[in-house]
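Peer 1: Taken in sequence, the protein lines are chains A and B. Going from the first sequence to the working numbering is simple: count from 1 and add 276. Going from the second sequence to the working numbering is simple: count from 1 and add 276.
Source of the hints: derived by calculation from the structure; they are not laboratory data. All clues given are correct.
In silico DSS-like links for lysine-lysine, alpha-carbon gap of 30 Å or less: (1) A/421 - B/288; (2) B/530 - A/530; (3) B/421 - A/292; (4) B/307 - B/293; (5) A/526 - B/491; (6) B/421 - B/299.
In case you want the letters, here they are:
There are 2 protein chains.
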Amino acid sequence: MLGKNRIQRIQKLHQKKYRLQEKRFIAEGTKTVLELIKQGFPIESIVATADWIKQHIPENQELICVEAEKFELEKISCLQTTPDVLAVCELNQVTPQKIDAGQLTLVVDAVRDPGNLGTIIRLADWFGVPQILATEDTVEWSNPKCIQASMGSFIRLQPCYMQLDELETLCRTNNSFAADLDGENVYSASFDSGGILVVSSESHGLNQVFQRSVKQILSIPSAHASDEGPESLNVATATGIFLSEFYRRKYFAKS
Amino acid sequence: MLGKNRIQRIQKLHQKKYRLQEKRFIAEGTKTVLELIKQGFPIESIVATADWIKQHIPENQELICVEAEKFELEKISCLQTTPDVLAVCELNQVTPQKIDAGQLTLVVDAVRDPGNLGTIIRLADWFGVPQILATEDTVEWSNPKCIQASMGSFIRLQPCYMQLDELETLCRTNNSFAADLDGENVYSASFDSGGILVVSSESHGLNQVFQRSVKQILSIPSAHASDEGPESLNVATATGIFLSEFYRRKYFAKS
Chain A
277 MLGKNRIQRI
287 QKLHQKKYRL
297 QEKRFIAEGT
307 KTVLELIKQG
317 FPIESIVATA
327 DWIKQHIPEN
337 QELICVEAEK
347 FELEKISCLQ
357 TTPDVLAVCE
367 LNQVTPQKID
377 AGQLTLVVDA
387 VRDPGNLGTI
397 IRLADWFGVP
407 QILATEDTVE
417 WSNPKCIQAS
427 MGSFIRLQPC
437 YMQLDELETL
447 CRTNNSFAAD
457 LDGENVYSAS
467 FDSGGILVVS
477 SESHGLNQVF
487 QRSVKQILSI
497 PSAHASDEGP
507 ESLNVATATG
517 IFLSEFYRRK
527 YFAKS
Chain B
277 MLGKNRIQRI
287 QKLHQKKYRL
297 QEKRFIAEGT
307 KTVLELIKQG
317 FPIESIVATA
327 DWIKQHIPEN
337 QELICVEAEK
347 FELEKISCLQ
357 TTPDVLAVCE
367 LNQVTPQKID
377 AGQLTLVVDA
387 VRDPGNLGTI
397 IRLADWFGVP
407 QILATEDTVE
417 WSNPKCIQAS
427 MGSFIRLQPC
437 YMQLDELETL
447 CRTNNSFAAD
457 LDGENVYSAS
467 FDSGGILVVS
477 SESHGLNQVF
487 QRSVKQILSI
497 PSAHASDEGP
507 ESLNVATATG
517 IFLSEFYRRK
527 YFAKS
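Just need the whole structure built from these sequences, with the hints factored in.
Peer 2: This is the structure in structure tokens:
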């Protein structure tokens, strides 16, 4: 049995305030937890059904495993379908790495929806982006909905949150791009495919700080005239299209 | 006042069964409802606060407008933030159009998540896809979460649901592609950018019917080796990347 105190403590981790205070977050489901273990991610404890532990954790493995009944897992899970396992993980500060001019660093600006941030992390991981930086008004990556949408990619790629003025300096001192509605056509513009790419929530638009500090503003052209058709694309799908185009140019463009 | 009966009738439209039975669906929020009116979409009635009606509907407009209090709108809304207006719209059968070989027709296979379908409709609309066809195990586009995610694009582009064998015939008799994990690299493969593109839910994988009937299978390459990194991309973001690449080739590729 998990016990009332442990249940309450884990339930609190559904909230940002307690995640930051306790420096812990939760990750759920067999695939994600096995990947956490495989990658050596710092885990405080694993909470799972007795069957799950028996099936997946060798007895000699040095992991704190706490047995729980399914109804207890239901109480502590954020998922619609209660999983058989949940890991309480350490939430450590991510430190920024030096910008690699040959690679693409992604800057995420003001993305408040955790599902969108998780999808962006998954996309950036897919295309081998070595680093994601984020403005402080972007949702925390440890949000359970972000963890879920990232499908395990948060294990390899955790955004590093930075002050706006630090990000501005990085944009000024490196090759840098921002995605916005009124920029150069991303398919026909000339640019080097390494540097910094800033993407921002479509509902807030690009922050002026980036508008004035990046070297180039790029857009995904629409088939419609500007006063017809959709006003914008969702930030996660637009980020996917930009990352794809940068990736294509770097590795597959005919010279 | 809206009244109990009307409230119950609209609440029932949150469910697929009643939408199909009543041939009605709901669309919410000022932007969407004004676009519905502008485009002449068949609307049964508009339910809105007195202020909203006064502000947006000229007295001579032939639209049935029902005044509602905010607490009544809260009861009939599917949104987290209750809107000031909601339209009860007619749900009509979409008829398939002839495949245009010079354009890209999108086939959506087994996409069960309404948010994903809505995002796909928005993307297809952005890139000027003239027609979306869908397998019958794809979620209905009139689902409130799909309507919301499509951000008004459902007004211009409603998927037409078809039997699997009809879709198979279309794939066999036209230039056709499917997106899958083990196909030709979409960035380097040769292909004509018109025809049919089949996309399917990443959790179910590509249906064998399409695997055997399309002319070409295409993939988005990952930066990771096949046993590392993310297993797949979300179907909506992958669709965005494919549509982008087809669009780029059609209009912006250097010959």
